[in-house]
Amino acid sequence: MNMPPLLRDIEFAVDLSFVNAKGWILDLLSHIVPDWVVVFASIVISGVAILVLGPVIMMYLTLLERKLIGRIQNRYGPNRVGIWGLLQPIADGIKMFTKEDIVPVYADKVIHCLAPIVIVIPALMVFLVVPFGERMTAVNLNIGLLYFIAVSSITTIPIFMGSWGSRNKYSLLGGMRTAAQMISYEVPMTLSVVPVIMMSQSLSTNKIVLSQSGSYDMNWFIFTPWGIVGFIIFFLCAVAECNRPPFDLPEAESEIIAGFHTEYSGMKFALFYMAEYMNAFTLCGIAATLFLGGWQGPFLPSWIWFLGKTFVLICVMIWFRGTFPRFRVDQLMGFAWKFLLPLTLINILVAGLCHFISEKTGWIYSFIIFSISFWVLVRLNRPWMPEKRHYPLAN
Amino acid sequence: MDMLSLIIKFGIYGTMALALIAAIAVVTLRNLFHSALCLAAVLIATAMIYAAFHADFLAAAQILLYVGAVMTLIIFAIMLTEQLGSKTIRQTNRQNLAALAGLLVFVVILGRVIFKTPWPVTEKALASKVTVMELGKAFMGPYVFPFEVISIILIAALLGAVVIAKKDR
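Here the protein sequences line up with chains P and D, keeping their order.
Residue 301 in our numbering sits at position 301 of the first sequence, with consecutive numbering throughout.
Each number in our numbering comes from the position in the second sequence (counting from 1) with 1000 added on.
Be aware that a few hints might be false.
[What the hints assert, rightly or not] For each label pair, taking beta carbons as the anchor points, the in silico distance ranges come out as:
1. D:S1151 <-> P:I90: 49 to 57 Å
2. D:S1151 <-> P:I232: 23 to 31 Å
3. D:T1117 <-> P:V194: 33 to 41 Å
4. D:V1144 <-> P:I232: 29 to 37 Å
5. D:I1074 <-> P:E387: 37 to 45 Å
6. D:A1069 <-> P:S371: 48 to 56 Å
7. D:M1003 <-> P:D330: 51 to 59 Å
8. P:G322 <-> D:E1148: 42 to 50 Å
9. D:A1101 <-> P:K99: 52 to 60 Å
10. P:S358 <-> D:L1073: 40 to 48 Å
Read the hints as simulated data drawn from the structure, not as lab findings.
Source: prediction; values computed, not measured.
C-beta atoms are modelled at their ideal positions from N, C-alpha and C, and glycine is treated no differently.
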């Protein structure tokens, strides 16, 4: 990028302000305490930053969602507590803490209590590999992406615990639906990531972002034919993974009350909610990392780019919720296995093809391949319609 | 750094102890669902031990495949069984002696294998770290034949499952 040196210096300083702050604290500490405490402090600083970030993000995502949904439905949303309702999440938090904690008589007490605690752990753990900005990945694992997929796949178990521990038929139905849905959508999600790994030749989230630099830091993977298709598939699967509408069958209010958290109240319920919103955030963040260039972007500091892209994706999720009706169970499963899965496999092949031919011919070929395969898949997936029956009246 | 390595050592032994306790709980608890959850704990603890010994890829694969997929299927199966309502199930059967004999044979074989392996501890072996890239190259290079055979077996299993599931139509 060609910029005057002063401007670059300023950008660099703003860019790394958080990293520098941490460095200063550690520098100060190293004069007074032994080495191992400094290492420990380094871990604690990053850990505390993440532990605070997660809940704060969740609080304000709920507000954002309620505001946006309100606007979509032609009303204002919360606007009584603080200006623009900015203190609403805190009021909600106080309400949650003071509510009575109800445990059903026949519930499996230990598991019922453990489920909301366990569900937050993987949701917080995935924050470790999310690259918030230049040199702002908490742990730069060389298997970062695999770690993300692995840890987020644990989420089904606490949901099961909650649904089984409650001894409630609606909870159990919700748990079954969750298991089926999450396993199904994990497959296309993992496969849609494969082209990204192929092209960046790394599993580290940091390296994946770095491989998308280029001119004006805009060489994002979404500007390639396989990138667009991969991004759309990944994003749809991400929406399904965090059980948000239109894939919210596990907690469908109108069918099974609230699914796995029917029997939860107070702070336990809030923990389920928190995990869900943090998952939504991290999944959007990873989608931005993989396909939208993560923190890469011209002019602005890196973390602003990252948060901006992530919040755009979250707003799309909220927009989905405001506009789409819920899927039916068989449609949901069919969509994952019969449509997304073959499309991801084709996408992997197209990514290989694009790697070996020039960009322009790559676009043409992949356009042809995708349109043919899309047409074939739509044809094959046509729902079976029973013929219209006529019952002539006797007279 | 001495203190740090001590902490790490304690952490690893703690994880091992957790894995063993949870493993005992899997076979002694009388509630099927609790057993399944303990099994998940064992698998996670094993993955943590792998990670502590720098086998990152193995740890992630363990969690993804066993905890994420296999455990979910096990719990799904438990939910579909009739035993769901009943709180306790006997975990023993009448084959105690046969099981004991089998266990002894297994321990003897395992012990022989462990003691016969030389376990070379050299500077080079300690420093080497297998990256994911090397693993991938090994799969596509020298081990490409077993890799492909396994994928064919997996596809056969998938098709077989579909055929069995479709039988009653």
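Exercise for review: Compare the structure with the hints numbered earlier in the document and write down the numbers of the violated ones, lowest to highest.
Suggested key: Those not satisfied come down to hint 6.
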